[in-house]
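Taken in sequence, the protein lines are chains A and B. Residue numbering for the first sequence follows the working numbering, beginning at 22 and increasing consecutively. Residue numbering for the second sequence follows the working numbering, beginning at 22 and increasing consecutively.
Possibly wrong hints are sitting among the right ones.
Claimed, not checked - DSS-like, lysine-lysine: derived pairs with alpha carbons at most 25 Å apart:
hint: 1; chain 1: B; residue 1: Lys648; chain 2: A; residue 2: Lys309
hint: 2; chain 1: B; residue 1: Lys472; chain 2: A; residue 2: Lys371
hint: 3; chain 1: B; residue 1: Lys577; chain 2: B; residue 2: Lys648
hint: 4; chain 1: B; residue 1: Lys310; chain 2: A; residue 2: Lys309
hint: 5; chain 1: A; residue 1: Lys302; chain 2: B; residue 2: Lys37
hint: 6; chain 1: B; residue 1: Lys23; chain 2: B; residue 2: Lys131
hint: 7; chain 1: A; residue 1: Lys271; chain 2: B; residue 2: Lys384
hint: 8; chain 1: A; residue 1: Lys67; chain 2: B; residue 2: Lys309
hint: 9; chain 1: A; residue 1: Lys472; chain 2: B; residue 2: Lys37
hint: 10; chain 1: A; residue 1: Lys661; chain 2: A; residue 2: Lys384
hint: 11; chain 1: A; residue 1: Lys302; chain 2: B; residue 2: Lys472
hint: 12; chain 1: A; residue 1: Lys271; chain 2: A; residue 2: Lys302
hint: 13; chain 1: A; residue 1: Lys68; chain 2: B; residue 2: Lys310
Worth flagging that the hints you see were computed from the coordinates, not collected in a lab.
Read off the chains here:
There are 2 protein chains.
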Amino acid sequence: MKFEIKDRDAAGRVCKFTTKHGTITTPNLMPVVNPNKMLISPREMKKLFGTEIVITNSYVISKYEELKKKALQNGIHKLIDFDGPIMTDSGAFQTYVYGDVDIDPIEIVKFQRDIGSDIGTILDVFGTPDLTRKEAEGGVKETIKRAKMSASEKNDMLLACTVQGSIYPDLRMKCAKEISKIDADFYPIGGVVPLMENQRYADVVRCIISSKQGLDPSKPVHLFGAGHPLIFPLAVALGCDLFDSSAYAKYATDGRMIFPWGTEKIMNINEIPCCCPVCTKFTASELKKLEKSDLSLRLAEHNLHVSFTEMKKIRNAIAEGNLWEVVERRTSSNPYLLDALKVLRKTENKIWLEKFESVSKNKALFYTGNHTIHRPIIYRIHRRLLNRYEHLYNTTVVFPEGNKPYSTYYSRKIKEIFKKKNVNLVVRSHLGPVPIELDEMYPFAQSVFPKDIDIETQEESRKIFDEFLKEMKVIPWKESTTSPEPDVSEKKKTDMDLRRISAVSDMQFGKGASEALFNGQIEIVKSKKTGKIRNIYCDGKHILSMRASDGMFTLKIGGAHLLHKFFKYPMLRVVVEEDAVPFVREGKSVFAKFVKDCDPALIPLDECLIVNTKDTLLAVGRCLLNKTEMLSFDYGIAVKTRETNN
Amino acid sequence: MKFEIKDRDAAGRVCKFTTKHGTITTPNLMPVVNPNKMLISPREMKKLFGTEIVITNSYVISKYEELKKKALQNGIHKLIDFDGPIMTDSGAFQTYVYGDVDIDPIEIVKFQRDIGSDIGTILDVFGTPDLTRKEAEGGVKETIKRAKMSASEKNDMLLACTVQGSIYPDLRMKCAKEISKIDADFYPIGGVVPLMENQRYADVVRCIISSKQGLDPSKPVHLFGAGHPLIFPLAVALGCDLFDSSAYAKYATDGRMIFPWGTEKIMNINEIPCCCPVCTKFTASELKKLEKSDLSLRLAEHNLHVSFTEMKKIRNAIAEGNLWEVVERRTSSNPYLLDALKVLRKTENKIWLEKFESVSKNKALFYTGNHTIHRPIIYRIHRRLLNRYEHLYNTTVVFPEGNKPYSTYYSRKIKEIFKKKNVNLVVRSHLGPVPIELDEMYPFAQSVFPKDIDIETQEESRKIFDEFLKEMKVIPWKESTTSPEPDVSEKKKTDMDLRRISAVSDMQFGKGASEALFNGQIEIVKSKKTGKIRNIYCDGKHILSMRASDGMFTLKIGGAHLLHKFFKYPMLRVVVEEDAVPFVREGKSVFAKFVKDCDPALIPLDECLIVNTKDTLLAVGRCLLNKTEMLSFDYGIAVKTRETNN
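Kindly produce the complete structure, drawing on both the sequences and the hints.
Written out as structure tokens, the structure reads:
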């Protein structure tokens, strides 16, 4: 089993997942194949929809003598005629649907192994939402017991050990933690079907978060039984990697069409709001006239087209860095999804999500509604403003929201103010306070808000604004040049460039970073074309470059030395094992496997100091993973080395 | 020219529009065909995307001698090889783009007529947004002058007279009113391209509304130059019927792909979030490798697939009655669209929009965010609660939001209360106050809200709630059976069924309707299956049926007599011309053409009294149009006759 992160956004990730039967990309969808009755064959699915992996039910196969015989003789791949990875289910869901079904938890794992399943599932105890705590606890205990027993029988089959725990977050987390200790390869989150059926998406979100918090982050997570695209973006944003869909066939047989925003009966549709090959070929009335079996087939095709396109949309959003936008927009399709999104507003959830959130994104941050202000990246920027930003003076001039960048928009006024006074300058922006020298930093410059903002966002950003400026003398900009002289002790930094590089480095590297970096003869080189800061030298050494895209710093080895000296271990450090040191010294990237320790505050795309176990600075690089990930993953790059200390 | 409404939702409408070259359905999209360089031929468009109508530029044709000659000789349909309706533009846009272009305003209309254009456009004066009021006024004057002159040259060509007026709503409206007096057949709304280019969607909305308010509603309205699906749902909801797209080709040539939520460069796309035939056939990387001309063609196809699918989506939403949901969801794609949607919150705009809003819809009302509470239908229901609903007592027991229908959810408590007290019962719901006897009426029962509602909606519904219960003694439900006996004079209606039919009839037909209808021996017949009210008899006559779908009444002729007697002319009336009387008496529907007068308060799907010019009751029916529409349209049904007075 090989599983490595290739790209990321929110707590979502694009990964390469390697099995005996090839490598697939996640997030991905596994259509459920009924070995008794295939509406569309897996081979056809691969051709039509680019299906990479399918799931089928080993319990069903084991129940039918002929299927069982064939499967054991020729293997599952021959049986369903598919040469890609095949996951098998154990019948746990059938025990939930039909009550007591006679399945031996170990025999069914052995059977999956023997028929050559790529990913076989333990017979977990399905934890319905209506269980008492005690009942749920019993189910979790039994599930863990079976997982342990199954692990010793798996051989080269990847073992899927399901997280249960009903709707009790602490049980989910406990189960997840226990299962992470077992030799499992794949983590389904189970028991969510009854929640999905009742549109209890807020509970689904709570189940995912508590499970994810307990799970080893280096293995694929499968939201078992959630096959509707409505939930895909949110589930991926919370770290789910795989989905299975029996809905495509079940709904099709029932005359229902899946859309990203919901499900509709073909009989109620006048014109189909879809341009998939099926809906381009047939009009609604033509489809309605088809024979039932033919209609089912066409609708199944449509349903899979839509579902797989949703996966593409999500993977593309991760690559573009706008998964949160996709998530927030989707929630307007269903009032209960809105309730689900609101679960993420809890501070504890923001804190968890923030660890996965890259420092900046390729795309501007787009406001979609009153959820946007609660994104983890805005939570982070608010925290950093409160904890890392250093106010220079005890008087602040406040500007209203204006065109971006603010320092250009308000440049005349700023010059006027600077002639007379030493003050802080802050914009009361839609996303909270923005010190004017941070106006080019992501997401302050790279964000798009409507002119007229909702009251909840106003209220939320006002709170941060007030906290940011508490104990501060505040002057509205209009009065800033006429109001009495504020009591300023000494003139600190009136130079806007110096203010900018100080503020950005404190925000990016930590409080005091500016002190470490700019304690010498500073030379600032600007782009001739844009007039923006490009490179910074201290005592002749190149210490930083400023990126035009996000207004943040790329750390040069000169700057790395200064930060290494100033900040104590483990701050900003990624520690590599001795074996990897020579490679790093050559400029090779750091693989997760070789990371020994890491600053817990480092987040994806953060600049970092690569050191050996004796804290000798080896190189400077850019993190692709957070600490927990670096220490868990066996595959993939943890830090992209940029410059070595030679 | 024939134009008739077939279906409607919001201020949007699905119409049949007949030209010399056949009938098309609106809302629809006219791809722009460049007669010099066709990326995709109109014939191919018809085959691939079901294109029904195209637009091309007569000015361009007239400039190229060869094209001109061919067009005059063989006609425009031969020239571009298309047998459906063709609209031609006059070059007005070219005068805007290239400055002074030499076009004679009358010659170009004659030319369009002579080449056989189905819809020819006057040479209007393009009113850019930066004009002074005076400049804009001059342009409007000249446009109207040219429109008048053009009208006498059109012969059998349909004449498109463009509404201008820059961003001055009163000028737009004035221009629209003047143009409506001219013998024009088709109304483009012009001058919006610079607004679209700068994403000034709020201004676009203001232009549409002020134009629509001045225009004769019985002719097609074309939002000229708005070819991006992003704006389609909102523009249709405001009453635009046609769009033109040059964007599909322009963007394609520039390597850009159109999506319902925006535009993206193919070079920035990893995986295409689309399953149109092009995107199913090619992956993003395969597309990127194509020759430029081949790529342009493929992207143009994709762009048209997406744009036409959007039209299907909108027409289907109108049929399903959930266009507002589609509009509101779309706004989350673009912050400036949110600003545009907020324009509709102005009371004057709500009042205008409410006139088009059907009494009830096929689909439940779905909450999408803080816009929902501002929908015209909710504005109406709030007005009616304040103006039509009669409080029985001066004490009201208030229940919190609960499961629907409320009377079932709170039935035990209600029984308890009724034993002791004569009080009003009102639920403080997410969408405002709901008297418990109205709990089955649309949209109170037929609406889906999240559990956790946004603060703006809370605030908005609280305002209505307070106004509804002002000067009222209010008791929370928990205290309702323990609090001291309220000072009630007489026991009025403790019977829930009587309360329900009274309240619904007042809300639906007007204040006092219950007095008119239930002034006799009332018999209420319920469904044996559901226990819900089905039919109501007064003194043995069938007066009303209650619809299970929306909890509102179907008016029977017995009830019509009572209302006719009670309410003075023109209340609830549709007056038909003498010629039509025999047909109505036979039970035939009332065509708009024969409507002489109408109650201005009647709205689509309202029950109405069909009378002759002497106010004799002929029949009872259901309106399909509002007053202005009935008096304007030459085609289509105004009232569906249900039962005659024989």
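Against the structure, the hints come out as follows:
1. For the suggested pair Lys648 of chain B and Lys309 of chain A, the alpha carbons sit about 37 Å apart, so the restraint of at most 25 Å is broken.
2. Taking the CA atoms of Lys472 of chain B and Lys371 of chain A, the gap is about 21 Å. The hint holds against a cut of 25 Å.
3. With a C-alpha separation of about 22 Å, the suggested pairing of Lys577 of chain B with Lys648 of chain B holds against the 25 Å cut-off.
4. Distance restraint check for Lys310 of chain B and Lys309 of chain A: the Cα-Cα separation of roughly 39 Å exceeds the 25 Å cut-off, and the hinted pair is therefore not satisfied.
5. A C-alpha spacing of about 24 Å is found between Lys302 of chain A and Lys37 of chain B, which places the hinted pair at or below 25 Å, so the restraint holds.
6. Pair hint Lys23 of chain B plus Lys131 of chain B holds up; C-alpha atoms about 22 Å apart against a cutoff of 25 Å.
7. Distance check on the hinted pair: Lys271 of chain A and Lys384 of chain B sit about 24 Å apart at the alpha-carbon level, within 25 Å; holds.
8. Annotation: proposed proximity of Lys67 of chain A to Lys309 of chain B holds, straight-line Cα distance about 23 Å (limit 25 Å).
9. As the CA atoms of Lys472 of chain A and Lys37 of chain B are separated by approximately 38 Å, the hinted pair breaks the 25 Å bound.
10. Simply put, Lys661 of chain A and Lys384 of chain A have alpha-carbon atoms about 21 Å apart, close enough for the 25 Å limit, and the pair holds.
11. With a CA separation close to 41 Å, the supplied pair Lys302 of chain A and Lys472 of chain B exceeds the 25 Å bound.
12. Of the pairs offered as hints, the one joining Lys271 of chain A and Lys302 of chain A holds, with about 22 Å between alpha carbons and a cut-off of 25 Å not exceeded.
13. At roughly 21 Å between alpha-carbon atoms, Lys68 of chain A and Lys310 of chain B fall within 25 Å of each other, so this suggested pair holds.
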